[in-house]
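Peer 1: All chains, please: the whole structure from these sequences, using the hints.
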Amino acid sequence: MKTFTTRDWVYIAVFGALWGAIEMTLGAYLHVIFPPLADTFLLGVIMAGLGGIIALTGRHFVPHTGSVLMIGVVTALLKALSLGGVQIGPMVAIVVESLLMEAGLLLARQPTRWGFALAGALAVSWNFFHKFAMMRLLFGQGFYEVAVNMVKDGSKLLGLDVRYSIAILVVLFVIRLVVGAVAGWLAWDLGGAVRRRLAREG
Amino acid sequence: MTRFEIWDLKLSSWGYLVFLLWALLLVGLLPDQRVALLLGSVLLFALFTGSDGLRPLRRPHFWTLVLSALALGPLVLGEKDLAWGWLRLSQNGFWIGLWMALRALCLTLAFSVALSALSVSEMVRLFETVGLKGLGFALGVALNLLPTLQENAMAAYHTLRLRGGFRRRPWQALKLFLITVIANALRHSDDVVNAAAARAFEPTVRRGEPVRFQRADGLLAVVLLGLGFGFTLWPF
Chain A
13 MKTFTTRDWV YIAVFGALWG AIEMTLGAYL HVIFPPLADT FLLGVIMAGL
63 GGIIALTGRH FVPHTGSVLM IGVVTALLKA LSLGGVQIGP MVAIVVESLL
113 MEAGLLLARQ PTRWGFALAG ALAVSWNFFH KFAMMRLLFG QGFYEVAVNM
163 VKDGSKLLGL DVRYSIAILV VLFVIRLVVG AVAGWLAWDL GGAVRRRLAR
213 EG
Chain B
131 MTRFEIWDLK LSSWGYLVFL LWALLLVGLL PDQRVALLLG SVLLFALFTG
181 SDGLRPLRRP HFWTLVLSAL ALGPLVLGEK DLAWGWLRLS QNGFWIGLWM
231 ALRALCLTLA FSVALSALSV SEMVRLFETV GLKGLGFALG VALNLLPTLQ
281 ENAMAAYHTL RLRGGFRRRP WQALKLFLIT VIANALRHSD DVVNAAAARA
331 FEPTVRRGEP VRFQRADGLL AVVLLGLGFG FTLWPF
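Chains as they are written, first to last, in our numbering: chain A, 13 to 214; chain B, 131 to 366.
One thing to keep in mind: the hints can contain errors.
Claimed, not checked - Here are the computed lysine to any residue pairs in the SDA-like style, where the Cα-Cα straight-line distance is at most 20 Å:
{"#": "1", "chain 1": "B", "residue 1": "K305", "chain 2": "A", "residue 2": "G61"}
{"#": "2", "chain 1": "B", "residue 1": "K210", "chain 2": "B", "residue 2": "T194"}
{"#": "3", "chain 1": "A", "residue 1": "K143", "chain 2": "B", "residue 2": "L159"}
{"#": "4", "chain 1": "A", "residue 1": "K164", "chain 2": "A", "residue 2": "V183"}
{"#": "5", "chain 1": "A", "residue 1": "K168", "chain 2": "B", "residue 2": "V206"}
{"#": "6", "chain 1": "B", "residue 1": "K305", "chain 2": "A", "residue 2": "I58"}
{"#": "7", "chain 1": "A", "residue 1": "K143", "chain 2": "B", "residue 2": "S220"}
{"#": "8", "chain 1": "B", "residue 1": "K140", "chain 2": "B", "residue 2": "G348"}
Source of the hints: derived by calculation from the structure; they are not laboratory data. Remember, it's a predicted structure, so these values are computed and weren't measured experimentally.
Peer 2: Rendered as C-alpha cells:
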C-alpha cells in the first residue's frame, strides 16, 4: 500500500465514492422494497454485482495489489457515515467482498478478463455465506436454522420441492458465482471503454 | 480528543475503538440470556460519554426492524405450541426473536456510539497514526466528491433519457451512462490531484499529531476486559 501515489489514492476515492453512492441510493431504495430480513438473496446479489463492477473497473486505473480492498474500505466508511446511519450487514459485506476480489486477483496473478471474472465470482459468492455469518453474529442463529430458511426461500424462488435441499443450495450458490463472473467480465469491458473515452478526449 | 472527560481523564479515539471491538466480540461470544447485560453496558457507556450514539433509538425505521424480529419470532420460528385465537404461536420462537432483537440493538448502538464519537478528521488522524495516511486522504476526497458525482450522474441520466436512450436500447444506454459518469469523475479527479500537489500533499509523510493512547483508554480497556470476563465466565 506504500506504493500508492497521490493520484492512486484519488482514484481509490473516486471509485469508493461511486460504489458508496450506489449503496446509499440504490441500496437504500432496494432495502425499502425488499426488507433485509425478507430477501437477502436478490438484494445482495444485485448490490454485490454492481459493487464488483465498480471496484474492478477501479483496478484498471490503480493496478496495484490492495487497491480494490482500499476502494471497499472507503465505501464501507462512506456507508457508515451516511445519513441512513450504521448498517452493519452491508458494511461487513462490502469489506469482505473487496477482500475476496483481491484474493481472486492475486490468484489470477496477471490482470486478465478471466482474472476479473474470478474475482467477481468470489466477491458475489460471499452473499451465500453472508447470511450464515450475520445471522450468527446478529441473531445468534446457528448453521442449521439459516440453512433451513435458505432452502425454504430457495424452493419458492426456484419452484423446486424442499426435498431437494442440497440441489437448491447448490443452485443458489452457482447463481451467485455466475452473476459475479458476469460482473467481473463487464468490469473488464467497462474499464477498457472508459480508458478509450479518456484517451479519445485527451 | 473526544468529549468524554471525568477526573481529568479524556477518552481518545482509541478508547472508542476498544469499546467497539469489545462489544463486537461479546455479541459473538455471549450466550443468549446474557446479551441483556451487554446491552445495559452499551447503553451506560453511551449515556456516560454523552455521544450522539443513541440517535438510532429515535428512528422509526430502526424500531421497525427490531420489533419485526420480536413480532415475527413466535410466528415463524420454533415449534408452534400455543394458540391465540386463530394464531398459532411458538414460545421458543418468541425467545429466539427476543434474543435476535437484543443482539441487533447491541451491535447497532455499539457501532453508532463509536462512529458518532469519531468525526471525519478524527478518523483521518487515526488512519495516519496507524500508517494509512493515504486512506484518510481518500476518505476525505470521497466525501467531498459525492455531491459532484450525484450532479454528474443526474446530468448524464437526463441527457440519455431525453434522447430516448433508455427506451430504445436500454443496455447500450446503461453502458454509456456508466462510461460517462466514471470518465467525468476521473477527469474531475485530475483537479483534485493538482490541488493536492499544490498543497505539497505527500501520502507517505505524516503531518498532524498522532492519536495517542490515553490513560483513560487504558482504564476503559481494563474495565471492559473485566466486564467481558465477568459476563462470559461468571456462573449466574
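Peer 1: Run through the hints listed earlier and report the numbers of any the structure violates, in increasing order.
Peer 2: 2 and 7
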